[in-house]
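2 protein chains.
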Amino acid sequence: MDSHFERELGSLREKILTMGGHAEAAANRSVQSLVQRNSDLALQVKQSDEIIDKLEVDIEDCVVQQLTKAPLATDLRLVTAAIKISHDLERIGDEATQIAKRAMELCREPAIEIRFNLTQMTGLSFDMLKAALDSFANRDPAAARAVIPRDKEVDALNKTFHDLLARQMVEHPDTIKRCLHWMVVSKSIERIADHATNIAENVVYLYEGRDIRHTGIKSGGAKGD
Amino acid sequence: MDSHFERELGSLREKILTMGGHAEAAANRSVQSLVQRNSDLALQVKQSDEIIDKLEVDIEDCVVQQLTKAPLATDLRLVTAAIKISHDLERIGDEATQIAKRAMELCREPAIEIRFNLTQMTGLSFDMLKAALDSFANRDPAAARAVIPRDKEVDALNKTFHDLLARQMVEHPDTIKRCLHWMVVSKSIERIADHATNIAENVVYLYEGRDIRHTGIKSGGAKGD
Numbered sequence: 001m002d003s004h005f006e007r008e009l010g011s012l013r014e015k016i017l018t019m020g021g022h023a024e025a026a027a028n029r030s031v032q033s034l035v036q037r038n039s040d041l042a043l044q045v046k047q048s049d050e051i052i053d054k055l056e057v058d059i060e061d062c063v064v065q066q067l068t069k070a071p072l073a074t075d076l077r078l079v080t081a082a083i084k085i086s087h088d089l090e091r092i093g094d095e096a097t098q099i100a101k102r103a104m105e106l107c108r109e110p111a112i113e114i115r116f117n118l119t120q121m122t123g124l125s126f127d128m129l130k131a132a133l134d135s136f137a138n139r140d141p142a143a144a145r146a147v148i149p150r151d152k153e154v155d156a157l158n159k160t161f162h163d164l165l166a167r168q169m170v171e172h173p174d175t176i177k178r179c180l181h182w183m184v185v186s187k188s189i190e191r192i193a194d195h196a197t198n199i200a201e202n203v204v205y206l207y208e209g210r211d212i213r214h215t216g217i218k219s220g221g222a223k224g225d
Numbered sequence: 001m002d003s004h005f006e007r008e009l010g011s012l013r014e015k016i017l018t019m020g021g022h023a024e025a026a027a028n029r030s031v032q033s034l035v036q037r038n039s040d041l042a043l044q045v046k047q048s049d050e051i052i053d054k055l056e057v058d059i060e061d062c063v064v065q066q067l068t069k070a071p072l073a074t075d076l077r078l079v080t081a082a083i084k085i086s087h088d089l090e091r092i093g094d095e096a097t098q099i100a101k102r103a104m105e106l107c108r109e110p111a112i113e114i115r116f117n118l119t120q121m122t123g124l125s126f127d128m129l130k131a132a133l134d135s136f137a138n139r140d141p142a143a144a145r146a147v148i149p150r151d152k153e154v155d156a157l158n159k160t161f162h163d164l165l166a167r168q169m170v171e172h173p174d175t176i177k178r179c180l181h182w183m184v185v186s187k188s189i190e191r192i193a194d195h196a197t198n199i200a201e202n203v204v205y206l207y208e209g210r211d212i213r214h215t216g217i218k219s220g221g222a223k224g225d
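These protein sequence lines map, in sequence, to chains F and E. Quick note: the first sequence, position 151, residue 151 per the working numbering, numbers continuous. Quick note: the second sequence, position 147, residue 147 per the working numbering, numbers continuous.
Just chain F, same shape as in the assembly (with noise of 0.2 angstroms):
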């Protein structure tokens, strides 16, 4: 291959790795921000947001220059992916600041205490997100479908978090207005699995050629329901 048709399919890879890592520093954050409730840390999330909002851009165009020369197959399969993941990281940037939104919203009010564990559902959230990515680096796509199944876990524990948070609501009503603000931030989490879910279908495409997407191979809902 044209060496330097190859340098820039590098430079696209080590955007998306870029992009990646920004998101998941996002995320991670919001949900700091939420736990510690600190609203300074929440406003980071809205920086980060930004910086990775370029990148989409600036993602975008590397694709439209590259697809002037791209050769091989493999090849313009990395680029629709690249659109694609892109696409993915944006929104996990978007939920994330949503997140941050809802915990600046919870600083103010005092605490409720619900029953719920959600150091489990972010973690189990953030780690799909990290294998994502991870399998994306290296070219795993063995590890992409290991992704896959683990979106339903979160969507299960979404549903759990959502049913304690309505009975909170019907139980004592002067939480509503934090309950509603909690039930965002759930289905944020449950998101950001989803784009994982997408980003992993998009690196087994990328190497296996096979498009898994809407077939019933994957768990239900990974666009997000």
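If you are wondering where the hints come from, they were derived from the structure by calculation, not from laboratory data. These numbers come from a predicted model, not from an experiment. Certain hints may be false.
Claimed, not checked - Derived pair list, reagent style SDA-like, types lysine to any residue, alpha-carbon separation capped at 25 angstroms:
| hint | chain 1 | residue 1 | chain 2 | residue 2 |
| --- | --- | --- | --- | --- |
| 1 | E | 84 | F | 210 |
| 2 | F | 152 | E | 209 |
| 3 | F | 54 | F | 41 |
| 4 | F | 101 | F | 127 |
| 5 | F | 84 | E | 58 |
| 6 | E | 159 | F | 111 |
| 7 | F | 84 | E | 209 |
Place chain E on chain F using the hints.
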């Protein structure tokens, strides 16, 4: 331009418009199922969503095949815009499915009365979708630009409805479950407007070659937050 390639680009455009038609129909039907309390209509939305999902995969296959021969910059933009527009349409199908699911839940419960003009909100959101698709069909970036600021109106209506529902929950805790379904419906209608905005931005990008995302030219929050 090579007339064979031109025909293929034409078929790509046609596929996107077909997918757009299905997404519009699914969105309309989902709200009809809700307003008319009709579970059969809600079931039809699920079927449309499957067709929409298949079309997305089909469009991407078509794109990857065409990437090998795209000779001009505008054609390359059509090819990248096609991926993104079809993804937004696929998400609209998901939102319609979500609305239909909530409609089925709400059919089983007594109706609740809330003084909110849902028809106005859905009308606005679905008009945006129609206008965005028309701007693509007519290669009309000016019409696409006109779609973008309307997103703010839908955001405001979603906020109004959300606040009314939150108040209803506090005053009538027995309606909390139903109010939560309505909140999801409202958010889904708002997201359809976000996706319509994304499509319009892609039409501007396609025909003006300017990427107006994340620049502050557009209305805020078009990506959905």
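Exercise. Of the hints stated earlier, which fail here?
Worked result: Going through the list in order, the structure violates hint 2 alone and respects the others.
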